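Residue numbers (my numbering), protein chains in the order written: chain A, 1 to 314; chain B, 1 to 310; chain C, 1 to 504.
There may be inaccurate statements among the hints.
[Unchecked claim] Among the chain C residues that face chain B by a calculated CB cut under 10 Å, a handful are:
no. : residue
1   : 172
2   : 175
3   : 250
4   : 304
5   : 347
6   : 360
7   : 367
8   : 387
Everything labelled a hint here was simulated from the structure, so no lab data went into it.
As the structure is a prediction and not an experimental result, all values here were calculated from the model.
Don't be surprised by glycine CBs; every beta carbon is placed ideally from N, CA and C.
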Amino acid sequence: MLRVILIRIASLLPILVGISVVTFSLIRLVPGDPVIALLGMEADEASIQALRSQLALDQPLVVQYFAWAGRILTGDFGRSIQGGRDVLSMLLGALGPTALLSLAALVVSLLISIPAGIIAATRRNSLADYSASFIALCGLSMPSFWLGILLIMGLSIAVPIFPASGYVSPGQDPAAFFLHLVLPAITLGAALAAATMRMTRATMLEVLRADYVRTARAKGLRERHVIWHHGLSNARIPIVTLLGIQLGQLLGGVVITETVFSWPGIGKLTVDAIFARDYPVVQGAVLITATLFVLINLATDLIYTALDPRVRLT
Amino acid sequence: MAAGFDSGTASRIVRRGVGGSMSAVDASAVIVAPQGWRRLLRGLATDPRSAAGLALVGIAIVAALFAPLIAPVDPELPDFVNILAPPSTSHLFGTDELGRDVLARIVYGARASLFVGVLSVAAAAVVGTLIGLVAGYFGRWADALLMRLMDIIFAFPSILLALAITAVLGPSLTNAVLAIAVVNLPVFARLARAQTLVVSRLEFVEAKRALGFGTANILLRTVLPNIQAPLIVQGSLLFASAIITESYLSFLGLGAQPPTPTWGNMLRNAIGFLELAPWLAWFPGAAIFLIVLGCNLLGDGLRDRFDPRD
Amino acid sequence: MSINLKRRNVATLIAGAPFIGMLPAQALAQGAKTLTIGVVSDPVTLDPALMASFFELSVQFNLHEPLVNVTPELKIEPGLASVANPDPLTYRFTLRPNLTFHDGTPIDAAAAKANFDRMMDPATGSPRRSELAPVESVEVNGPLTFTIKLKAPYAPLLQVLANRAGMLVSPAALKALGPDFATKAVGAGPYKLVSWTKNAELVLERFPGYWRGAPAIERVVFRPISDETVRLANLRSGTVQLVDAVPAQAVGQLSREATITLKQTSGLGFSAFSFNNTRAPFNDARVRQAFTSAIDKQSVLRAVNFGTGKVASGGIPPSIGWAHDPNFAPSKTSVEGSRKLLADAGITTPVPVTITVTNSPAQVRTAEVLQAQANAAGFKVDIKQIDPTSLITVLRAKDFDMCMSPWSGRADPDGNLFNYFTKSGPNNFMGYQSDKVTALLEKARAEPDQATRAKLYREAETQIAADAPMLFLTFPATLQASAKALEWVQYPDGAFRLQFAKFS
Chain A
1 MLRVILIRIA SLLPILVGIS VVTFSLIRLV PGDPVIALLG MEADEASIQA
51 LRSQLALDQP LVVQYFAWAG RILTGDFGRS IQGGRDVLSM LLGALGPTAL
101 LSLAALVVSL LISIPAGIIA ATRRNSLADY SASFIALCGL SMPSFWLGIL
151 LIMGLSIAVP IFPASGYVSP GQDPAAFFLH LVLPAITLGA ALAAATMRMT
201 RATMLEVLRA DYVRTARAKG LRERHVIWHH GLSNARIPIV TLLGIQLGQL
251 LGGVVITETV FSWPGIGKLT VDAIFARDYP VVQGAVLITA TLFVLINLAT
301 DLIYTALDPR VRLT
Chain B
1 MAAGFDSGTA SRIVRRGVGG SMSAVDASAV IVAPQGWRRL LRGLATDPRS
51 AAGLALVGIA IVAALFAPLI APVDPELPDF VNILAPPSTS HLFGTDELGR
101 DVLARIVYGA RASLFVGVLS VAAAAVVGTL IGLVAGYFGR WADALLMRLM
151 DIIFAFPSIL LALAITAVLG PSLTNAVLAI AVVNLPVFAR LARAQTLVVS
201 RLEFVEAKRA LGFGTANILL RTVLPNIQAP LIVQGSLLFA SAIITESYLS
251 FLGLGAQPPT PTWGNMLRNA IGFLELAPWL AWFPGAAIFL IVLGCNLLGD
301 GLRDRFDPRD
Chain C
1 MSINLKRRNV ATLIAGAPFI GMLPAQALAQ GAKTLTIGVV SDPVTLDPAL
51 MASFFELSVQ FNLHEPLVNV TPELKIEPGL ASVANPDPLT YRFTLRPNLT
101 FHDGTPIDAA AAKANFDRMM DPATGSPRRS ELAPVESVEV NGPLTFTIKL
151 KAPYAPLLQV LANRAGMLVS PAALKALGPD FATKAVGAGP YKLVSWTKNA
201 ELVLERFPGY WRGAPAIERV VFRPISDETV RLANLRSGTV QLVDAVPAQA
251 VGQLSREATI TLKQTSGLGF SAFSFNNTRA PFNDARVRQA FTSAIDKQSV
301 LRAVNFGTGK VASGGIPPSI GWAHDPNFAP SKTSVEGSRK LLADAGITTP
351 VPVTITVTNS PAQVRTAEVL QAQANAAGFK VDIKQIDPTS LITVLRAKDF
401 DMCMSPWSGR ADPDGNLFNY FTKSGPNNFM GYQSDKVTAL LEKARAEPDQ
451 ATRAKLYREA ETQIAADAPM LFLTFPATLQ ASAKALEWVQ YPDGAFRLQF
501 AKFS
């Protein structure tokens, strides 16, 4: 087992190298020069050249890549072109808010999708099924910036419950943190709910037809007990798997929500860095995000293996 | 974003016989004889959900194809005296911030949105399926190399990758299509590969190989028709997500350039006028909502049709 | 665990939410010691020697104090120093006594000289160099006095020193912090820096050693909120108490809202588009004039600015009263006139033109108006949206046909014209080469008499309008809004000077 895990981790390395090469090249292909952007419209040629050498941006690309890669291996992610901050601390600082938002979104998603999926499965093809499916699909059928703006208009201005945007760290003020969290979490969670609901519904349908459920019913157990204890507990395997995958996908999906709500997470950081052509930040952020994504996938597979004794990790 | 999930895991679920939704196929069920389209449509029409989906998508297709006939005026014609006018008899859906007729723009917007959806998914499906077929059939080096490439693409946060590609190529509707196609490649590749792995081990494929049929023939005529069902389902769902991704690219300034209307950029521009002219946002918002809903219903319906165990 | 139990929990949460919600909102109002401001974007740097974008405007006058200050009426008054001007080439500054920087080091003539030396040193790469180009030397005369000697008379000097070039920073901190100074600047302004989390918030707290005395508001937090609708929503929901860059279409409603104060004033800048004079089609003046005469600027004002601001025919806004000519109307809108000019130029219509803008909603709308009107006059306009980083590269590489060129504006006409319309001006992305205008602007810069200067600028503007290297559209109004409870002063340049703000 351990050997298999190690082999799997080892096979991740070429992927990560590939990702870093693609990121490095792609961001430099985007037209626009970060040094000129930094020094402004009025800067003269001499200052531009000076800053470019200082940042080692005038070296050949291959040299730049290996210099960067070498430093990454020692844990030095370099300094941001815009303002010279240490990139690694910027990234770590941004991961916190994204992680919190992602978890909250997953919770929202589960709160919507599991009951909806169960209702849809147990009352198949009835009005309840259609309504549940419809509600779950709502989140998926709206661009998240639209849903976000609607929530702001409704729950922040019309009925002033939540703040419109922004972030307060939980350490600083837990109550304010929670209030700032709700609207972006709903926005993000609603989009995920559909996939989970569909999965729950389908899996519950499968499971409820299975022999052991028929046995449980024949034994005279209450329907609710049957659904929850025999049905859901066997459905949880694919659901957990799906959640793991969604957690990974969230890392990319938070981008728009973080932008709308000014949530200082890694999605917003990366988008802003792409627009500013802040190469070290983009490269570092994509590397970390991709690494987390593949690690989460691996963890999901492991959990899945642990939950289902019939499956072995390949 | 996309409602699909990792087919690597799916295939493992598949092989052990635990039910799953997306590729709800195990070894016996995957050989679904390609149903006649007519039978398929009839089947879809009977279930109220997929019928609704079919209707919604159908309306959008009609609007896209016949836009010049349906739209009352030129969607790009401004009228600076008449900006932000509410719906009236002369402008059924009102006018936008430059006095353009919103109904006309919605109808033409269907063209752009469908263009994005159909082309990006088709491109991703064709290329991705080919990759999956080759990887699944030949195995070993081809498999390792191709799937590594797909893993690399897949590990990128999708919006960021689409954003970067569009930024490199320049903002336009065509480049948005390309970017979305690239982002969706791995989904099709993995799905096709997982299915191919199962199907290509089956007897009738072995038989064809023994009989000396060429690889291309085997792949395209024998394997492909038997794996196409989940691919079609996936395609319908990714169509919906492509339209939403286009709206995200528009939100960031990278989609179709003005004055070309897409539902995404109409919605994005309308947000600044939510209090002055809320109808500007409701119409494109509803349009996106309905087509995505329709695609999802249609996709679910197709999946139910293809799964014989129901 | 049953479904019913879960429903009950959820119901309780929803019912309880309004009570939870009230607490922070009240806290925000009563904790009137903190002012939260919604701005468009984070600054790039906090070092005044290196500031080069709009985004520092909201923060700079709170963290830093210039040698002299400008009033809302654009008059100069003493800041860190008072100034004497014995002859056109000499400016003698006397710093206020016993002042320190945020780090406690003294503000003395030596520190001032160190600042100027740094800004003018080519190795620093400071954009202030071109603003201080006419400076010959900076001499220390005593512990608190120093003299700036000029190579030639430079009328805008004091206006320049009322802005970034006059902001003194602590030389000791410069040395100690090195490259970190950009994110941890130490200045002499009413507030000092507490923390800056990029793209999240920038926090300042009041500095008791400020020369006017400690400001009324204890803490100021800047939150960058790029989307204009969300920014305004934050003001409405009470999350912030002051916002910058209110979208023009919201002006009508905001003026009717009881809890919000909308402030509107003439700005200092202009909204314009540069023509690329170095390549076809706009290397021909007639084509440029044809495009200009196809545009009805009133439509732009209506569709983009919703009636706020004024139409512009040149670069000097109405707020600079002594230099602005309200009767300056060099061209008339005429589609036939455009077509005739194009025919004269012998160019085949439709003329393909690409307008390059960033994805700001107002800029895109402007481009669409131009597109519609120019298309009717024989052009075929495409619009290309790029992000702000690409904008600067595109402008410098002259890789455009027409490109947006908004200018935030300076209090002196020289600040609005010199860098754009002189042959070697750093903002001259149009590639405009006019000896006549260059000579006029250089003369106006060195002319001490204001009336003569006004005449020179009028001549320059007339020539510029005739050559049409740039399409001037509007002088946008400065639109900002706050919670009713906040008393504050609005300046034409749109910068916040919070030493004058307090909660009532």
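Hint check:
The interface hint given for residue 172/C is broken, as the beta carbon of that residue sits about 42 Å from the closest beta carbon of chain B, more than 10 Å. Using the Cβ-Cβ criterion of 10 Å, the hint placing residue 175/C at the interface with chain B is not satisfied: the shortest such distance is roughly 39 Å. For the restraint placing residue 250/C at the interface with chain B, the shortest Cβ-Cβ distance is roughly 7 Å, inside the 10 Å limit, so the hint holds. Interface restraint check: residue 304/C against chain B, minimum CB-CB distance 9 Å, threshold 10 Å, status holds.
With a cut of 10 Å, the hint placing residue 347/C at the interface with chain B is violated, because the nearest CB-to-CB distance is about 24 Å. Interface hint at residue 360/C: satisfied, since its Cβ lies 9 Å from the closest Cβ of chain B, which is below the 10 Å cut-off. Residue-level restraint check for residue 367/C holds (minimum Cβ-Cβ distance to chain B is 7 Å; threshold 10 Å). The criterion of a C-beta within 10 Å of any C-beta in chain B is met by residue 387/C, whose closest approach is roughly 7 Å, and the hint holds.
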